[in-house]
Structure formats: C-alpha cells, structure tokens
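Trainee: Line by line, the protein sequences give chains A and B.
The opening residue of the first sequence carries number 6 in my numbering; numbering runs sequentially from there.
The opening residue of the second sequence carries number 6 in my numbering; numbering runs sequentially from there.
Misleading hints may appear alongside valid ones.
You can't tell identical chains apart in this list, so a pair holds if it fits in one copy or across any two.
Using 30 Å as the maximum straight-line C-alpha spacing, the simulated BS3-like pairs for lysine-lysine come out as follows [what the hints assert, rightly or not]:
| no. | residue 1 | residue 2 |
| --- | --- | --- |
| 1 | K38 | K107 |
| 2 | K56 | K124 |
| 3 | K107 | K124 |
| 4 | K107 | K56 |
| 5 | K124 | K38 |
Please keep in mind that the hints were generated in silico from the structure rather than gathered at the bench.
2 protein chains.
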Amino acid sequence: MRVEYINPFVTAVLSVFRTMLGTELVRGQPFVKGGFQPRHQISGVIGLSGKARGTIVLSLDRETALRATEVLTQEHRFTIDADVIDAVGELANMIAGSAKAKLEQFELSVSLPSVITGKGHCIEFPSNTTPICIPFDCEWGSVDVEVGLVELPVRSAVTSGVPVLA
Amino acid sequence: MRVEYINPFVTAVLSVFRTMLGTELVRGQPFVKGGFQPRHQISGVIGLSGKARGTIVLSLDRETALRATEVLTQEHRFTIDADVIDAVGELANMIAGSAKAKLEQFELSVSLPSVITGKGHCIEFPSNTTPICIPFDCEWGSVDVEVGLVELPVRSAVTSGVPVLA
C-alpha cells in the first residue's frame with residue numbers, strides 16, 4: 006500500500022471522531038502489524054471497491070466503544086449490545102465514505118459494514134497485501150484503524166466490461 | 006435481504022468447494038442468526054458494492070480450514086498460519102466473484118478480503134440489515150456462509166455521479 010494513500014484515511018478518522026463524537030484523537034506512528042496479535046475487543050470492517058480494492062478495519066477497546074455509543078445514542082451503556090454494533094458499523098461506514106471522497110481517482114464504492122466482537126479476535130489480511138495500522142488515542146481509550154488498499158491493474162477495466170477504447 | 010438473492014451465493018459456494026477443493030458440500034436450511042453466537046474459529050469477510058451493498062462471511066471450523074488449505078497447498082497443516090489465512094481469504098474471494106457474476110443487475114465489485122481468527126469471535130451486521138446464514142456440511146466439518154445484501158435506492162445513482170438521463 007502506497008504511503009500517500011494513508012493521509013485520506015487519517016483525515017477521515019480524525020474528522021469523524023471530532024464531528025460525530027466530539028472527541029479529539031491523537032495519532033500515533035503508523036506501523037505494519039505482525040500476524041495474530043489481538044489488539045481490541047470490537048472491530049468494524051468495511052470493504053472498498055472500484056479501480057482499487059480495499060478494506061478498512063476500525064478497532065476499539067471496549068470502553069471506547071461504549072462511550073462512543075453513549076454519545077451517539079444519549080443513553081448509558083454497560084455492555085456490548087446491538088446499539089454498540091450499530092455505532093461501530095456506522096463509524097466505520099462514515100470513515101470509509103469520507104476517505105473514498107478524497108481518493109476519487111479510484112471511483113470507490115463502499116460495502117456493507119460488519120462488526121467483529123470477541124476478546125481474542127485477530128483480523129488478518131492475505132499475504133500479498135501489506136495493510137498499514139494507524140493507532141490513535143482519545144479520552145476514552147485507544148482506537149486502531151487498519152487499511153489495506155490495492156490498485157487494480159489497468160487490464161481489469163477490460164475484464165470488468167468497461168470500454169477502454171471509445 | 007430478498008430470498009431470490011440467496012441462490013447465486015449457494016451455487017457459488019457449492020461450485021467453489023467442488024472445483025477448488027474437490028469436496029461436495031451438503032446444504033442445510035438457511036436461517037437468520039441470533040446475535041453474539043460464535044459458531045466457527047476462522048472467517049473470511051469480503052465486501053460487495055455497486056448498485057447494492059453487501060458483505061459475505063465464510064466461516065469454517067478449524068479442521069475444515071486446515072484440510073482445505075492442505076488441498077490448495079499440497080502440504081500438511083496443523084495450525085492456523087498465514088497459508089490458512091490466504092486460503093480462507095481466497096475462497097471468500099472466489100465465492101464473491103462467482104456470485105457477483107450471477108447478480109449482474111447490481112454491477113457489483115469485490116473488496117479486499119480479511120480473515121478473522123479467534124475461538125470466540127462473533128460477526129454481527131448492523132440492525133437495519135437481515136443477513137441470511139446458510140449452513141453446509143462437508144467431509145471435514147461444517148461451513149457457514151452468511152450474506153447481507155442491501156439494494157441501493159435509485160437516487161444513489163445521482164449522488165454517485167452516474168448519469169440517469171442521457
């Protein structure tokens with residue numbers, strides 16, 4: 006994944022947390038995650054496709070997910086329930102939507118989010134992609150955003166039926 | 006999710022397991038999964054987007070994932086490693102590719118797969134979608150395929166910049 010594609014995702018995460026949750030994230034140093042290291046208890050996963058193929062994983066610790074849901078629903082939260090799932094899915098969705106607007110050269114569209122729970126869960130990418138993990142901290146705890154994005158070769162335009170010669 | 010959209014996914018799963026792994030799956034009764042029920046140890050997740058938004062989750066028990074990887078790599082497998090991640094990601098990718106060809110009205114493209122591991126992991130969908138889970142059995146163990154697919158309203162064609170009037 007090319008480094009210049011990281012910034013649209015960083016900007017998207019900062020902006021979504023600021024405008025939707027009223028909290029300022031502090032970005033840490035991006036890194037390439039080693040395999041099979043569980044880092045958080047809840048993760049929103051959403052796909053991007055178009056002239057590139059990608060996946061965004063938004064991972065939150067339990068406390069951060071509960072506090073974020075409280076802000077969105079204006080109700081106290083003590084357990085990971087369907088509202089927390091909706092909140093994390095929607096945050097992933099908004100981050101993807103915001104980042105795709107800044108990567109318009111890829112004409113990306115966004116898939117349906119899914120949300121993973123489970124204390125020891127790990128999210129891996131196929132070995133031919135090198136996703137970048139961007140860690141953030143906020144007043145409630147920590148947040149990771151992992152992004153894999155692979156540009157499609159030009160011949161994909163032919164196989165997908167898009168005319169390349171007018 | 007409309008029932009007529011299930012068949013392309015069932016056909017895709019049966020076909021991918023038959024042609025790539027040489028094993029015949031037996032389909033069980035599709036159902037709507039209750040929340041927070043871990044069912045398998047490893048899951049491939051892949052997004053679909055276009056005139057609909059979707060996500061496919063291919064979940065395998067440990068033994069099935071190891072045996073499937075053995076067939077694909079021609080090497081014995083005893084633990085969930087990077088090759089197993091690649092195998093599960095690629096199976097999810099092939100199922101998505103095969104199903105999208107049968108749902109051409111939605112002009113779907115496929116995101117990058119990700120693969121979830123962890124004994125107690127659960128994969129949830131936002132509450133405004135009702136994904137269908139299709140259980141299968143094979144000689145090695147059990148396989149679930151869960152599909153959520155939401156048609157986009159026609160106005161999305163306008164907001165996404167596709168001309169609706171020639």
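Trainee: Are the hints correct? Go through all of them and say.
Mentor: Results of checking the hints against the structure:
In this assembly of identical chains, the alpha carbons of K38 and K107 lie at most 30 Å apart only when taken from the same copy (25 Å versus 36 Å across copies). In this assembly of identical chains, the alpha carbons of K56 and K124 never lie at most 30 Å apart, being 35 Å within a copy and 35 Å across copies at closest. In this assembly of identical chains, the alpha carbons of K107 and K124 never lie at most 30 Å apart, being 33 Å within a copy and 37 Å across copies at closest. Taking CA atoms no more than 30 Å apart as the test, K107 paired with K56 passes in both settings, with 14 Å inside one copy and 21 Å between copies.
Taking the shortest alpha-carbon separations for K124 and K38, both the intra-copy value of 18 Å and the inter-copy value of 20 Å come in at or below 30 Å.
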